[in-house]
Amino acid sequence: MASTFLVKRNRTRPSRIALKGDIGIASASELHAALMELADADVSVNVDCKDATHLDGAICQLLMVAQRSWPGGTDRFNLVNTSAALETHLMRTGATESTMA
Numbered sequence: 032m033a034s035t036f037l038v039k040r041n042r043t044r045p046s047r048i049a050l051k052g053d054i055g056i057a058s059a060s061e062l063h064a065a066l067m068e069l070a071d072a073d074v075s076v077n078v079d080c081k082d083a084t085h086l087d088g089a090i091c092q093l094l095m096v097a098q099r100s101w102p103g104g105t106d107r108f109n110l111v112n113t114s115a116a117l118e119t120h121l122m123r124t125g126a127t128e129s130t131m132a
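Using the working numbering, the first residue of the sequence shown is number 32, and each one after it goes up by one.
No wet-lab data here; the hints were simulated from the structure.
Do not take every clue at face value.
[Claimed, not checked] SDA-like cross-link-like pairs, simulated, lysine to any residue; straight-line CA separation at most 25 Å:
1. Lys81 / Arg107
2. Lys51 / Ala64
3. Lys81 / Gly55
4. Lys81 / Arg47
5. Lys51 / Ala70
6. Lys81 / Ala116
[Said to hold, decoys possible] Here are the computed distance ranges between Cβ atoms for each label pair:
7. Arg42 / His85: 28 to 34 Å
8. Arg40 / Lys81: 15 to 21 Å
9. Arg99 / Thr119: 29 to 35 Å
10. Lys39 / Ala59: 16 to 22 Å
11. Asp71 / Asp106: 29 to 35 Å
12. His63 / Asn41: 27 to 33 Å
By construction, the Cβ of each residue, glycine as well, lies at the ideal position given by its N, Cα and C atoms.
Kindly generate the complete structure, drawing on both the sequences and the hints.
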């Protein structure tokens, strides 16, 4: 399956990264670069998981590190629209409820 994500930058509301499909390690460096660009812009971000079918462990780790080190604090980085199955997967890979909105 193809892994994709879309970045929508916004200065007045949280920027959005929409994950779609099976997001694996092949997408890690590109997602990392997108996250770094948003972090450097010092914006809040919501990672929308509505259309994500699976997040590889490397992607979960990347998202957790980003959330824990986000400029301005952890309340400026949120995973949103997570399914129950994805929440379980994220918790098993080390995510906490504080990363989900």
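> Is the distance from the Cβ of Arg42 to the Cβ of His85 consistent with 28 to 34 Å?
Replying inline: Since the Cβ atoms of Arg42 and His85 sit about 32 Å apart, the hinted range of 28 to 34 Å holds.
> Between Lys81 and Ala116, is the straight-line Cα distance small enough, at 25 Å or below?
Replying inline: holds (12 Å)
> Does Ala70 lie within 25 Å of Lys51 when you go C-alpha to C-alpha?
Replying inline: Holds. Lys51 to Ala70 sits at ~21 Å (cutoff 25 Å).
> Per the hint of 16 to 22 Å, is the separation of the Cβ atoms of Lys39 and Ala59 within bounds?
Replying inline: holds (20 Å)
> Straight-line Cα separation of Lys81 and Arg107 no greater than 25 Å?
Replying inline: With a Cα-Cα distance of about 19 Å, the restraint between Lys81 and Arg107 holds, given a limit of 25 Å.
>> Can you tell me whether the CB distance of Asp71 to Asp106 sits inside 29 to 35 Å?
In response: violated (19 Å)
> Honestly, do Arg99 and Thr119 meet the 29 to 35 Å range at C-beta?
Replying inline: Given range 29 to 35 Å: violated, Cβ gap about 20 Å.
>> Would the hint linking Lys51 and Ala64 be met if the CA-CA limit is 25 Å?
In response: Roughly 17 Å separates the two Cα atoms, so the pair holds.
>> Next pair to validate is Lys81 with Gly55; report whether the Cα-Cα distance is within 25 Å.
In response: holds (16 Å)
>> Checking one constraint from the list: CA of Lys81 to CA of Arg47, max 25 Å. Satisfied?
In response: holds (12 Å)
>> A range of 15 to 21 Å was offered for this pair. Does it hold for the Cβ distance of Arg40 and Lys81?
In response: Holds, at about 19 Å.
> In this structure, is the beta-carbon distance linking His63 and Asn41 contained in 27 to 33 Å?
Replying inline: Check failed, 20 Å falls outside 27 to 33 Å.
Consistency with the previously given hints fails for numbers 9, 11, 12, ordered from lowest to highest.
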